[in-house]
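**Q** Sequence:
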Amino acid sequence: MDMRFFGVVLRSREGMKRFYGFLHAHVLESVRVLNFAASETLTAVDAIVRVEGISDLDRAPLDAHGAPGLFPIRKGEVQEMRQFIFYTLRDGRIANVECALMPPG
Numbered sequence: 001m002d003m004r005f006f007g008v009v010l011r012s013r014e015g016m017k018r019f020y021g022f023l024h025a026h027v028l029e030s031v032r033v034l035n036f037a038a039s040e041t042l043t044a045v046d047a048i049v050r051v052e053g054i055s056d057l058d059r060a061p062l063d064a065h066g067a068p069g070l071f072p073i074r075k076g077e078v079q080e081m082r083q084f085i086f087y088t089l090r091d092g093r094i095a096n097v098e099c100a101l102m103p104p105g
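Sequential numbering of the sequence shown, starting at 1, is according to my numbering.
These are computed hints drawn from the structure, not numbers from a lab.
Computed from a prediction, not measured in an experiment: that's the story for all the values here.
We treat Cβ as the ideally placed atom computed from N, Cα and C, and that holds for glycine.
Estimated spans, in silico, between C-beta atoms of each pair:
hint, residue 1, residue 2, range
1, ARG93, ASP58, 30 to 38 Å
2, LEU42, ALA64, 27 to 35 Å
3, SER39, ALA64, 32 to 40 Å
Based on the provided sequences and hints, a complete structural model is requested.
**A** This is how it looks when you write it as structure tokens:
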């Protein structure tokens, strides 16, 4: 597995569990799918990702956990981002994940 988004690089299931364990200790995350397409080799998702701070998350812990491209968030703050997520599939399993953010405006 090779998962890269906003400076985060995850290469194993354990790394993914560790990263999301850290992140979800600070935020509630939900995904609203706007568009979805799939084939045997690719799944593409156009979605609104909503992140709500449940505790303050400053720049230093984000950097320390390998997430330099994520935004700090305060408790109670909500961030919504339109994202385009592409999952490359090999033998029915996710082999690669790429993510792009819709520019503001």
